[in-house]
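J.: Residues per chain are reported as follows:
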Amino acid sequence: MLKALHCVIRRDLLLAFRRRADVLTTLFFFVIVATLFPLGVGPDPVLLRAMAPGILWVAALLASMLALGRLFALDYADGTLEQMLLSAEPLSVIVIGKVIAHWLVSGFPLILVAPLLGVQFDLPGRSIMVLVASLLIGTPILSLIGAIGAALTLGVRGGGVLVSLLVLPLYVPVLIFGAGAVGAEMSGLGGDAHLLLLGGLLACALALTPWVTAVALRIALE
Amino acid sequence: MTLQAHQLTCIRGDRRLFTDVGLEINAGDALRVVGTNGSGKTSLLRILCGLALPVDGEVRWHGHNIRGLREEFCRNLVYIGHANGVKDDLLAWENVVVTSTLSGNPVSREDAGNALEQLGLGHAADLPTRALSQGQRKRVALARLQFGKAAPLWILDEPFTALDLDAVTALRATLNCHLAEGGMVIYTTHQEIDLAARRSLRVELNQATSC
Numbered sequence: 001m002l003k004a005l006h007c008v009i010r011r012d013l014l015l016a017f018r019r020r021a022d023v024l025t026t027l028f029f030f031v032i033v034a035t036l037f038p039l040g041v042g043p044d045p046v047l048l049r050a051m052a053p054g055i056l057w058v059a060a061l062l063a064s065m066l067a068l069g070r071l072f073a074l075d076y077a078d079g080t081l082e083q084m085l086l087s088a089e090p091l092s093v094i095v096i097g098k099v100i101a102h103w104l105v106s107g108f109p110l111i112l113v114a115p116l117l118g119v120q121f122d123l124p125g126r127s128i129m130v131l132v133a134s135l136l137i138g139t140p141i142l143s144l145i146g147a148i149g150a151a152l153t154l155g156v157r158g159g160g161v162l163v164s165l166l167v168l169p170l171y172v173p174v175l176i177f178g179a180g181a182v183g184a185e186m187s188g189l190g191g192d193a194h195l196l197l198l199g200g201l202l203a204c205a206l207a208l209t210p211w212v213t214a215v216a217l218r219i220a221l222e
Numbered sequence: 001m002t003l004q005a006h007q008l009t010c011i012r013g014d015r016r017l018f019t020d021v022g023l024e025i026n027a028g029d030a031l032r033v034v035g036t037n038g039s040g041k042t043s044l045l046r047i048l049c050g051l052a053l054p055v056d057g058e059v060r061w062h063g064h065n066i067r068g069l070r071e072e073f074c075r076n077l078v079y080i081g082h083a084n085g086v087k088d089d090l091l092a093w094e095n096v097v098v099t100s101t102l103s104g105n106p107v108s109r110e111d112a113g114n115a116l117e118q119l120g121l122g123h124a125a126d127l128p129t130r131a132l133s134q135g136q137r138k139r140v141a142l143a144r145l146q147f148g149k150a151a152p153l154w155i156l157d158e159p160f161t162a163l164d165l166d167a168v169t170a171l172r173a174t175l176n177c178h179l180a181e182g183g184m185v186i187y188t189t190h191q192e193i194d195l196a197a198r199r200s201l202r203v204e205l206n207q208a209t210s211c
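Chains as they are written, first to last, in the working numbering: chain W, 1 to 222; chain V, 1 to 211.
These aren't lab readings, by the way, just hints derived from the structure by calculation.
There's no promise every hint is true.
Unchecked claim - In silico lysine to any residue, SDA-like type, Cα no more than 20 Å apart, as pairs: (1) W:K3 / V:D111; (2) W:K3 / V:A83; (3) W:K3 / V:R32.
What the hints assert, rightly or not - If you anchor each label on the Cβ, the simulated ranges turn out as follows: (4) V:Q207 / W:L5: 21 to 31 Å; (5) V:D88 / W:L116: 48 to 58 Å; (6) W:A21 / V:T209: 28 to 38 Å; (7) W:P169 / V:A196: 34 to 44 Å; (8) W:F28 / V:R67: 17 to 27 Å; (9) W:P115 / V:V168: 18 to 28 Å; (10) V:S133 / W:G125: 18 to 28 Å; (11) V:G63 / W:L24: 19 to 29 Å; (12) V:D88 / W:K3: 23 to 33 Å; (13) W:G188 / V:R67: 52 to 62 Å; (14) V:T209 / W:R157: 50 to 60 Å; (15) V:A131 / W:L189: 50 to 60 Å.
Positions of the beta carbon are idealized from the N, C-alpha and C atoms, including for glycine.
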């Protein structure tokens, strides 16, 4: 079982590496969206500092959603997804492998550039640390939940728009606790409680979503 | 070792492709599904391997419905469909390693290379599949049959299309060898190809009606 998990992660990372341009678009999208706000709202440091957690989290949300299209659609088109459904390994294990690889490629880079964008909004050092921590716990949840939407919209015309309608409402709790953690830290309350709640969400998502995604994939291919 | 299908019915859109299709195959049997384009051959094969649900009827492996067996059934199955299941961005040998590992049969790079060599693709093992022709891709997909001995049931959708004469002969030899060892093969083809099976069965699907 671990061998299959390892094989799927390696395969997807290899494929992403051979299509580097696709990966970079997500990252640049995140950077550009987060940069547009200071330009639009104006250079008032107090205002920017107050808005920063929300803006950075919404940008991360949109960027990770943008990448969802790549999760299953290409495998669906060339028939490799069929082979995964007929695999001797449980489909949910394969799904976990694909989501891990997807997060490493589309979520993890966002966490790496987030501190830089935090500086752009004049966030204090400790808040930036909380921001990174909240993204580290939160973005895997986005990938896990997004996988359900990506699986359900396979082969549907206009699936890209539909997936955002399906998935964005489900992202709301993550957004509230993720941005809330940074906000609480800045107001002096400490972001621990929010981060713990995010951790709880991650545990739930990790336990339930691979199984739901597997069912959705079977329905999509029928 | 038996695969049975009982009263399978398949409806696509408003066309009833087939009704009451029943079949039973045992070790060493080859089953050829025959029909014109659009008669439901691929649909039948997808139902038999559990990818699609029939409107009516059920498929049984050793007497148990395959919906309940899932991975246990899949461990006994090799399915190569219309879409080859070959990744364009992976090298030929990487494709073979990935598909074999996922079917529960991890192989090394050397094994994959040897399998490709046997199909006359030794020189292309290190090329990305994107650079290969249609027939060569088909051979990359078929290379996993070399490791398919553990799985008795092979379901192949048009395995002979796009292959040149040598490759057709080689594939026929592989299939015959599998049948001689007690395997089962279910296949579709529009070419006249005979396999040396214990029993050569045929299912004709030419009864599509609108409903």
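J.: Return holds or violated for the Cβ distance of W:P115 and V:V168 against the range 18 to 28 Å.
T.: 60 Å, violated
J.: Starting from the hint 52 to 62 Å, judge whether the C-beta atoms of W:G188 and V:R67 obey it.
T.: With a Cβ separation near 57 Å, W:G188 and V:R67 satisfy 52 to 62 Å, so the hint holds.
J.: Is it true that W:A21 and V:T209 lie within 28 to 38 Å of each other by Cβ?
T.: Since the Cβ atoms of W:A21 and V:T209 sit about 50 Å apart, the hinted range of 28 to 38 Å is violated.
J.: Could you see if the CB distance from V:G63 to W:L24 stays within 19 to 29 Å?
T.: 54 Å, violated
J.: Does the Cβ distance between W:F28 and V:R67 fall inside 17 to 27 Å?
T.: Violated, at about 45 Å.
J.: Between W:K3 and V:A83, is the straight-line Cα distance small enough, at 20 Å or below?
T.: Outside the cut-off at roughly 25 Å; violated.
J.: Could one say that the CB atoms of V:D88 and W:K3 fall in the range 23 to 33 Å?
T.: 24 Å, holds
J.: Do V:T209 and W:R157 keep their Cβ atoms within the hinted range of 50 to 60 Å?
T.: 29 Å, violated
J.: Does the structure keep W:K3 and V:D111 at a Cα separation of 20 Å or less?
T.: 17 Å, holds
J.: CB of V:S133 to CB of W:G125, is that within 18 to 28 Å?
T.: Since the Cβ atoms of V:S133 and W:G125 sit about 58 Å apart, the hinted range of 18 to 28 Å is violated.
J.: Hint says 48 to 58 Å; check whether the CB-CB distance for V:D88 and W:L116 agrees.
T.: 35 Å, violated
J.: Would the pair W:K3 and V:R32 pass a check requiring their Cα atoms to be no farther apart than 20 Å?
T.: Measuring from Cα to Cα gives roughly 35 Å; hence the hint is violated.
The structure does not agree with the numbered hints 2, 3, 4, 5, 6, 7, 8, 9, 10, 11, 14 stated previously, though it agrees with the rest.
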